[in-house]
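Protein chains in written order, with my numbering: chain W, 1 to 326; chain H, 327 to 599.
What the hints contain is simulated information worked out from the structure, not anything from laboratory work.
Wrong hints could be hidden among the right ones.
Said to hold, decoys possible - Just the calculated beta-carbon pair ranges, DEER-fashion:
(1) W:Arg-171 - H:Gly-347: 36 to 42 Å
(2) H:Gly-588 - W:Arg-164: 46 to 52 Å
(3) W:Arg-123 - H:Val-454: 28 to 34 Å
Said to hold, decoys possible - Which bits of chain H does chain W cover? Going by a derived footprint, with three or more residues having C-beta under 8 Å, they are:
(4) 345 to 357
(5) 421 to 431
The beta carbon of each residue, even a glycine, is placed where N, CA and C say it ideally should be.
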Amino acid sequence: MIVAEHLTKRYGDRTAVDDVSFTLEPGRVTGFLGPNGAGKSTTMRMVVGLDRPTSGRVTVDGRAYADSAAPLQEVGALLEARAVHPGRSARSHLRALAATHGIGDARVDEVVAMTGLSAVARRRVGGFSLGMGQRLGIAAALLGDPRVLVLDEPVNGLDPEGVRWVRQTVRHLADEGRTVFISSHLMSEMAITADDLVVIGRGRVVAQGPVRDVVGGVGGASVLVRSPRAGELGALLERSGARLERRDDGALVVRGPDAAAVGDLAAGAGIAVHELTPQQSSLEDAFMTLTADAVEYPTSPSQPAGPPGSGPRPAGQGRPDEEARA
Amino acid sequence: MSAATSARPADPRGGRAVTFGRVVRSERIKLLTLRSTWWALALTLLAVVAVPVLPAALYAADPASLGGALGPDVGALTAGTEVAVITLGVLGVLAVTNEYSSGMVRATMTAVPRRTPVLLAKGVVLAVLAALVGVVGVLLAWVVTLPLYGDAAPSLATATAWRVVLGSGLRLAGVALLALAVGALLRSAAGAVAVVLGLLLVLPGVLQVAGFALGVEAFGRVVPFLPGQAGAVVTQVAPTGDPLGPWTGLLVMAAWIAVLGGAAVALLRSRDV
Numbered sequence: 001m002i003v004a005e006h007l008t009k010r011y012g013d014r015t016a017v018d019d020v021s022f023t024l025e026p027g028r029v030t031g032f033l034g035p036n037g038a039g040k041s042t043t044m045r046m047v048v049g050l051d052r053p054t055s056g057r058v059t060v061d062g063r064a065y066a067d068s069a070a071p072l073q074e075v076g077a078l079l080e081a082r083a084v085h086p087g088r089s090a091r092s093h094l095r096a097l098a099a100t101h102g103i104g105d106a107r108v109d110e111v112v113a114m115t116g117l118s119a120v121a122r123r124r125v126g127g128f129s130l131g132m133g134q135r136l137g138i139a140a141a142l143l144g145d146p147r148v149l150v151l152d153e154p155v156n157g158l159d160p161e162g163v164r165w166v167r168q169t170v171r172h173l174a175d176e177g178r179t180v181f182i183s184s185h186l187m188s189e190m191a192i193t194a195d196d197l198v199v200i201g202r203g204r205v206v207a208q209g210p211v212r213d214v215v216g217g218v219g220g221a222s223v224l225v226r227s228p229r230a231g232e233l234g235a236l237l238e239r240s241g242a243r244l245e246r247r248d249d250g251a252l253v254v255r256g257p258d259a260a261a262v263g264d265l266a267a268g269a270g271i272a273v274h275e276l277t278p279q280q281s282s283l284e285d286a287f288m289t290l291t292a293d294a295v296e297y298p299t300s301p302s303q304p305a306g307p308p309g310s311g312p313r314p315a316g317q318g319r320p321d322e323e324a325r326a
Numbered sequence: 327m328s329a330a331t332s333a334r335p336a337d338p339r340g341g342r343a344v345t346f347g348r349v350v351r352s353e354r355i356k357l358l359t360l361r362s363t364w365w366a367l368a369l370t371l372l373a374v375v376a377v378p379v380l381p382a383a384l385y386a387a388d389p390a391s392l393g394g395a396l397g398p399d400v401g402a403l404t405a406g407t408e409v410a411v412i413t414l415g416v417l418g419v420l421a422v423t424n425e426y427s428s429g430m431v432r433a434t435m436t437a438v439p440r441r442t443p444v445l446l447a448k449g450v451v452l453a454v455l456a457a458l459v460g461v462v463g464v465l466l467a468w469v470v471t472l473p474l475y476g477d478a479a480p481s482l483a484t485a486t487a488w489r490v491v492l493g494s495g496l497r498l499a500g501v502a503l504l505a506l507a508v509g510a511l512l513r514s515a516a517g518a519v520a521v522v523l524g525l526l527l528v529l530p531g532v533l534q535v536a537g538f539a540l541g542v543e544a545f546g547r548v549v550p551f552l553p554g555q556a557g558a559v560v561t562q563v564a565p566t567g568d569p570l571g572p573w574t575g576l577l578v579m580a581a582w583i584a585v586l587g588g589a590a591v592a593l594l595r596s597r598d599v
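Required output: the full structure, derived from the provided sequences and hints.
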């Protein structure tokens, strides 16, 4: 479990991370979503002690990462920038890291095989593609069989097969009861991979909670209604407290009640309904809204948390080929 | 270290804790799995062995070339260590700056977040390698020049000879440690190499000349206390005129290393990686 409390990091007069608090639970994949430069990497670097917070603190299972006797067994980290000497072979790189914990060559060969690097393990890393470099970074993160994984942009530079592999690996690791913290600026990726979200913009948390709640909390969930007596139905809905948007083609976009409530209300008044479609905004919409102006949205959970892991995730809205506009 | 770790609750998954010995092993793997290390060590050994061959060859051709009637002493075998100062200075700097230039330092410090053991372990590995190359190199130089000097070959069977041979190794270890400390302070290879070689090779001459030109005697008096000069006394068969003896010279060099290394450790702990 990772607990960040009022984490703040300033570089001179620039505040990279501003009063960030969150709790990451075991067995769940928490997506860390934000535009580039929002403070994701800095936050993750503070988790493993590479950067010292200006104020606030972050603990792993109750204590600072640096106080662990066996840090690699607590947290496995893949950080965004390459952390490998290009002149060393992949295997030598992993052996050197493993040696600090007395982890043997057998485990090194195991993570090499797990990440599909067996064929290139003895080649110098300088000749690796970005994707192979990412796999090596993930291999290093897995070395200590850690309880917590911190993965900064792990799908960056991976081919579709690699992206799929990361997605499955991350899911598998969480299902084993590990805490997985995975950052991305790709909303589509997070929609598929994450259970929970921490959305960050300009160094501040703008929303957090289960993916569905974050998306719903932006006012995304709505019902599209078409009726020959749209005017009457609209007035009725407004009296019941719903928020309305009247579209030019005569349809109503209703926020507040769900489709069933709208249908019941219409039936009760004897109003025919020709279309009644629940609509959910995509994670992408939510993200753009949330990060459009971080100042507009206070630092608080967007919604009271629903039952963990319940309900369908808003899959399918994000197209895999669509990268962040951030 | 072991007392501190055993005080913690046992790790349910085998207790593979970080210990200083393991960090040393890690740093040994790191240093020896880079080609640049082997190049630096090979060049160092080559220089230490080959440089003394030249005067030996001259002596073989004309025994009068050495000037003195007594023949060569052990000091003739350590001439190559002056070149080794450069190669090991560069190696010491690179051992730490290449972590920053490649980003490897992020992986390193994530594995050993206390950070200080990393620098100390690098020091242990570098010092052992440098001392080994220095001593082995000088002994090889003795073997290689043996046929050239013939009956006049310097004897290793004296306390002074062993002081010079072992001292050469210690002095080179000191150079590597000094370079490591400067590299850790500056984090940039170019800057650190310039500072190390400047401090060891350029500054003494500059101070002498400046002291002479400006008439400031103090400049000249400082020179023997510079790390390069102080550390070199132990490699001289008959130290002359120096205010420092062989061992006090090494101590002064050790003090330089302690001050620069201490500053490097303090910065390593306080700075972001």
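Here is how each hint holds up against the structure:
Evaluation of the 36 to 42 Å hint for W:Arg-171 and H:Gly-347 yields a pass: the beta carbon distance comes to about 38 Å. The given range of 46 to 52 Å is respected by H:Gly-588 and W:Arg-164, whose C-beta atoms sit roughly 51 Å from each other. A hinted range of 28 to 34 Å for the beta carbons of W:Arg-123 and H:Val-454 is consistent with their spacing of about 29 Å. Counting residues of the region 345 to 357 of chain H whose CB falls under 8 Å from any CB of chain W gives 8; the rule of at least 3 is met.
With 6 residues having a Cβ less than 8 Å from any Cβ of chain W, the region 421 to 431 of chain H passes the three-residue criterion, so the hint holds.
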